[in-house]
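Position one of the sequence shown corresponds to residue 11 (the numbering used here), numbered consecutively onward.
Treat the hints with care, as some may be off.
[Unchecked claim] Here are the computed distance ranges between Cβ atoms for each label pair:
| hint | residue 1 | residue 2 | range |
| --- | --- | --- | --- |
| 1 | R109 | M132 | 35 to 43 Å |
| 2 | E125 | R73 | 37 to 45 Å |
| 3 | R128 | E74 | 46 to 54 Å |
Simulated from the structure, these hints should not be mistaken for lab results.
For every residue, glycine included, the Cβ atom is placed at its ideal position computed from N, Cα and C.
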Amino acid sequence: MPRLKLKYSGHSRCPGILLLPAKHVAIVADPYTVYAFRLLGFEGHAVSSPEEARRAVESLIPREDVGLVLVASEYFSEPLVAEAIEQFKSTRLDAIIARLPTIREPGKPMDVQRELLRALGMG
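Please construct the entire structure, taking both the sequences and the accompanying hints into account.
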């Protein structure tokens, strides 16, 4: 397995800045989330089931040009996907795989009136 070569910046304004090779960010999520991230320039893998998410994560394992993989929270803890994520983590030590919070994720309930009053400086 090739080793990642790191270089330190020789620029006088930024001595000691670590320069890493540019890597892609890949998103594994529902089509709407993927579309939003594609507008920002990220690579996206639109999935609609845990099986598709597992295949998408497995397809990213051999890709050395991917440095960050974000998997939608609704798939991240699924057993099928969790196996692929563990395989990714054990194989790709130079890349990060993380959970991406999405709109479908159950959140903490919020007291809208209290938050509005606080935002207006009255609470």
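Comparing the hints with the structure gives:
| no. | hint | in the structure |
| --- | --- | --- |
| 1 | R109 / M132: 35 to 43 Å | holds, 36 Å |
| 2 | E125 / R73: 37 to 45 Å | holds, 42 Å |
| 3 | R128 / E74: 46 to 54 Å | holds, 48 Å |
The structure agrees with every numbered hint stated previously.
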